[in-house]
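Take the sequences, apply the hints, and build the full model.
Chains as they are written, first to last, in the working numbering: chain A, 1 to 116; chain B, 1 to 194; chain C, 1 to 540; chain D, 1 to 358.
Any given hint could turn out to be false.
Stated by the list, open to error - Partial pick of chain A residues on the chain B-facing surface, computed with a CB cut under 7 Å:
| hint | residue |
| --- | --- |
| 1 | N33 |
| 2 | Y40 |
| 3 | G43 |
| 4 | G89 |
Stated by the list, open to error - Heads up, simulated DSSO-like pairs for lysine-lysine below, C-alpha to C-alpha not over 27 Å straight-line:
| hint | chain 1 | residue 1 | chain 2 | residue 2 |
| --- | --- | --- | --- | --- |
| 5 | A | K110 | D | K95 |
| 6 | B | K134 | C | K494 |
| 7 | C | K375 | A | K109 |
| 8 | A | K109 | D | K335 |
Simulated from the structure, these hints should not be mistaken for laboratory data. We treat Cβ as the ideally placed atom computed from N, Cα and C, and that holds for glycine.
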Amino acid sequence: MNSALFVVVLITGLALVGAALLIAGLISPRSFNPQKGEPYECGIPSRGESWMQFKVGYYLFAILYLMFDVETVFLFPWAVILKDLGVAGLFNILFFMVVLILGLVYAWKKGALEWK
Amino acid sequence: MEVKIKSMKYEDFKDNEYIEQLINELKASNTNVVVGCLDEVINWGRSNSLWPLTFATSCCGIEFMSLGAARYDMARFGFEVARASPRQADFVMVAGTIVHRMAPVLRRLYDQLAEPKYVVAVGGCAVSGGPFRKSYHVLKGVDEILPVDVYIPGCPPRPEAMFYGLMQLQRKVKVEKFFGGVNRQEKREKVLGK
Amino acid sequence: MANIQQEISSFLPEATFVEGTILEVSVPDAKWHDLALYLHDKLHFDYLVSIVGMDWGETLGCVYYFTCTADNSQISVKVETADRENPLLHSVTDLWKSAYLYEREVYDFFGIRFINHPDMRRLFLRNDWVGYPLRKDYDASPEVNPIRLEHEAVDDVTHAIVETPDGKLEERTNTIFAPEEFVVNIGPQHPATHGVLRLRTSLEGEIVKKIDVYCGYVHRGIEKLCESLTYPQTLHFADRLDYLSAQQNRHAVCLCIEDALQLEIPARAQYVRTIMDELMRISSHLLFYATFCMDLGATTAFFYGFRDREKILDIFEETCGARMTFNYYTIGGLMADIHPDFQRKVKEFCAYLPGMLKDYHTLFTGNVIAQQRMKGVGLLSREDAISYGIAGPSGRASGWACDVRKNHPYAMYDKVEFKEIVRTEGDVFARYMVRMDEILESIHIIEQLIDNIPEGDYALKMKPIIKLPEGRYFRQVEASRGPIGIFIESHGDKNPYRLKINSACLPLVGGLDPMCRGGKIADLIAIGGSLDYVIPDMDR
Amino acid sequence: MFDFSIVTHWIDNLLRSVMPGWGALLIEFVLVGVALLLLYAVLALFYIYFERKVCAFFQCRLGPNRVGPYGIFQSVADMFKILIKELISLNHIDKFLFNLAPYLVIVASMLAFGCLPFGKGLQVIDFNIGIFFLIAVSSIGVLGILLAGWSSHNKYTLIGAIRSGAQMVSYELSIGLSVLTMVVFAGTMSITGIVEAQNNGWFIFTGHIPAIVAFLIYLVAGTAETNRGPFDLPEAESELTAGYHTEYSGIHFGFFYLAEYLNLFIVSGVASLLFLGGWMPLHIPGWESFNHVMDYIPSVVWFFGKAIVISFIIIWFKWTFPRLRIDQLLRLEWKYLLPLNLINLFVMVLIVIYGLHF
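Okay, here's the thing in structure tokens:
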């Protein structure tokens with residue numbers, strides 16, 4: 001039942017976008033001129049390509065994020081049954097977390113958390 | 001057909017020949033009831049949600065800012081969401097002098113506005129060149145390069161004058177036909193030849 | 001002054017002198033760079049106030065105005081060239097960085113090219129513009145320069161004339177941006193450039209590598225227009241230059257003309273002018289607060305600033321009849337007497353504002369995010385400020401006491417007691433705080449004057465046609481953004497032979513590039529906001 | 001307390017009595033879809049109006065007041081306008097991704113919206129890992145923003161997209177960990193379970209200090225996730241003109257506009273679900289008559305009331321604080337919120353294990 005409803009909600013979302021686009025496409029006005037399709041850059045023609053090599057300053061954050069996000073995924077099941085596991089469960093997971101936190105501390109010390 | 005704008009009596013507005021003419025045309029054209037009603041709903045929406053492009057070159061721009069600020073508060077009329085991107089704006093208020101160097105930029109901004117679009121010329125400079133009319137580098141009115149819908153004279157016009165001008169624009173939007181009028185659907189091939 | 005004259009003539013015997021309120025030295029171009037070096041290094045004229053391009057009919061040339069920041073003495077130098085076809089002068093960009101933009105401006109208007117200037121592009125006009133508009137023989141017919149709707153081609157290289165060590169001249173090209181750089185246009189239509197300034201910004205990720213400033217998107221040719229108008233007629237342009245210092249700009253033009261005519265202005269007019277100037281300054285700084293906070297994303301502060309600015313505009317409106325372009329000062333006094341309610345309202349306002357300022361500080365200044373965005377960003381040292389000619393509140397934030405009201409007092413400023421707000425940090429926060437503190441100081445000035453406005457005439461009787469005696473006049477007034485200088489060369493006619501407005505804002509953008517390098521895009525916006533330039537003043 | 005499942009069961013039985021099971025299901029699905037759509041649209045319109053009025057009052061203005069009484073139809077007018085605006089066809093864009101982006105944004109917010117418990121028995125999707133699912137789907141929206149910025153072939157949108165990427169990789173973590181803290185406390189991931197567990201007191205009271213800290217972190221991170229001020233860097237009006245949606249016109253832009261407000265609701269809805277008891281009325285142990293009175297207030301009112309109060313706080317943020325810079329944004333997350341979050345989680349674990357809570 002739930003997965004069916006999930007599909008229903010999904011379709012509702014798609015239908016909302018699709019229907020609105022359809023209406024807009026049918027009745028909205030359209031006009032063309034040579035400048036209209038060009039990228040907007042404060043009213044000045046763009047210089048060169050916009051899809052060019054671009055320095056993304058935060059790739060280290062992205063890697064750290066991956067680490068921690070995977071960690072969170074592991075933690076969720078543990079969190080649900082924590083009450084049953086008790087102190088033993090805490091120590092098991094603590095070891096796992098300490099390794100990760102050490103990783104964060106290492107990154108911090110290395111200066112990976114500074115925007116360069 | 002009467003054009004209703006809240007808190008402005010119709011008689012106060014009767015000075016605009018152009019709009020009277022539009023109304024007469026509309027009366028004469030015998031619009032279909034369904035289309036007419038739909039038109040009215042859409043035009044109600046359009047006229048109450050005119051989003052300006054943030055565009056200002058000089059003094060009038062400051063008065064335009066005052067218009068949005070606490071005392072005058074154009075948000076009351078639905079002019080609130082000043083968009084910086086022409087893709088999302090409904091009209092451009094040309095507030096200030098337009099000079100030769102700016103002319104292609106303004107034209108490009110206008111070209112990039114999404115239909116339906118309007119132009120309001122604010123202040124002496126945009127209307128006619130104003131005090132700089134004789135200069136070598138100034139456009140003698142923005143209507144040399146753009147079709148202008150509303151002129152608001154003044155140097156700079158007071159915010160009240162701007163409101164009056166914007167209400168005139170609302171009136172114009174209200175009496176326009178949307179179907180078969182504003183929503184002209186051009187074919188890309190015909191215009192650009194591709 | 002005689003002392004300086006002696007020193008210069010002993011260094012350069014061919015220099016000739018004209019005595020006046022400001023000593024004028026004439027040198028041939030061949031010796032000009034040597035003299036410049038001498039002025040800069042030995043005589044410590046470290047602040048280049050202005051370069052006025054001139055067309056004297058036969059010859060083209062420049063008049064330079066210098067100030068020594070140590071003792072505020074002024075000097076002017078006249079350099080000319082008889083070659084009208086290919087006029088060349090030596091550049092002084094290596095000594096004064098502010099010359100970079102000033103010389104480009106002269107090139108744009110007069111076609112004088114500067115040897116050793118790294119970047120000889122047009123500054124205000126399109127780069128395909130025909131002719132040099134401020135020359136007397138300029139062909140202004142619209143056929144020559146029609147309105148073009150195609151965009152001007154923008155090159156990434158510029159041309160320069162370089163003098164080789166053996167004295168030969170060479171054309172060189174300099175690269176502004178390499179082809180692979182990520183160059184974004186910030187402006188002309190941009191919410192945070194305060195008008196239509198265009199900054200071509202080269203980015204590396206979020207970090208600004210270089211900024212190339214394009215002006216002229218609202219260049220209206222006021223200087224040329226003034227040449228065909230009588231002196232009283234030229235006044236109304238002053239209101240439309242830096243419309244946020246309308247009164248002060250007009251004050252500068254009036255002062256310059258009154259100086260030339262050696263008029264004694266009635267005391268009542270002097271008092272009212274001073275009060276109006278300070279009210280204007282407050283309103284301008286309130287607008288600065290509003291727009292600066294808006295640039296940093298604190299939208300609510302914008303509305304606060306504008307709300308209180310309206311109160312000043314009400315006061316102006318009662319007396320002058322307008323909200324922005326006042327037309328209030330005239331040559332010899334004021335256009336009209338003050339409104340009977342003026343004093344009461346001003347006093348009410350002066351009592352009201354300090355309380356609101358406290359509110360402002362709680363809303364914005366004390367905010368942790370705001371502090372982090374402002375402190376240590378956009379550093380400008382005192383030397384750089386002087387070299388780039390960044391005066392006014394922005395210069396005072398870098399520790400340069402450059403207030404014209406103190407250095408060359410006019411109107412009532414030598415009779416009132418006020419502090420010159422100077423901070424030493426030179427960052428965005430200092431520039432912000434200088435302005436906020438100046439509001440309080442302006443209130444202090446007004447409070448001293450408002451009760452003592454003397455009775456009497458508010459203006460001298462002037463003839464409708466005013467003729468200035470022959471000569472060159474230069475006068476500065478402290479406007480809201482820095483000193484506005486008015487240069488008038490009169491040939492004894494009813495209209496000026498040349499009227500040059502030395503705007504306070506043009507040098508500000510000159511310093512933008514070094515301040516922003518290495519910062520983020522957000523810093524660029526914050527720095528631009530803190531410099532508080534007004535584009536129509538810069539472009540004229 | 002009225003249980004809405006009575007209504008849904010009644011409809012279910014009624015439909016099954018007149019038609020075969022699959023037909024009844026089909027009609028129910030359609031009804032659910034329509035109801036969801038209506039609620040979605042009405043909420044978006046309400047939120048647009050609400051924010052405008054609230055910010056107007058912060059700014060000593062009146063806000064919209066011409067269209068309908070007190071301007072309540074202002075956002076309706078905006079919707080009409082935006083629906084008939086032109087959809088500009090652009091030249092250099094990646095057409096597929098450009099058109100995909102609004103779908104992603106809307107679908108993500110719609111799926112998250114479907115998970116929210118609007119009242120007792122009023123919930124569309126109810127997985128046993130509901131809260132986990134909610135976090136998962138809500139992060140799809142950022143993908144839409146990234147694609148929108150990248151595909152537009154515009155330098156501003158590109159920077160906006162990259163900023164939103166940086167923001168996502170940072171604040172997703174905070175949301176995850178603060179939610180994890182509450183999951184530790186509740187001992188379940190089912191949304192119904194979490195709400196039921198707050199029958200005797202909302203988590204923010206029963207979980208005392210760690211819950212309050214988690215709540216604050218969630219508010220900050222939630223504001224960042226919805227790209228609202230002071231974390232509106234991808235949009236940054238005064239820096240990037242309109243940020244990632246610079247090139248979107250008409251209803252395309254409308255979707256982003258809609259999703260922004262809906263995400264605001266979702267974030268506040270989840271906050272009220274996790275910390276303020278969802279649709280649970282305010283119960284104070286021992287005060288029986290008070291609890292009884294509270295029970296008379298419909299559960300729907302409780303849920304929307306709480307969500308709107310939290311939205312008000314988030315709107316308050318936006319109109320008070322200046323915008324952060326990108327490096328400050330990351331520093332805030334990685335150097336302050338993340339360590340704090342980990343410590344907070346540890347404290348919560350201790351509290352749960354040793355039963356130190358109320």
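Evaluation of the provided hints:
no.	hint	verdict
1	N33	holds (5 Å)
2	Y40	holds (6 Å)
3	G43	holds (4 Å)
4	G89	violated (52 Å)
5	A:K110 - D:K95	violated (42 Å)
6	B:K134 - C:K494	holds (19 Å)
7	C:K375 - A:K109	holds (25 Å)
8	A:K109 - D:K335	holds (11 Å)
Violated hints for the displayed structure, listed by number in ascending order: 4 and 5.
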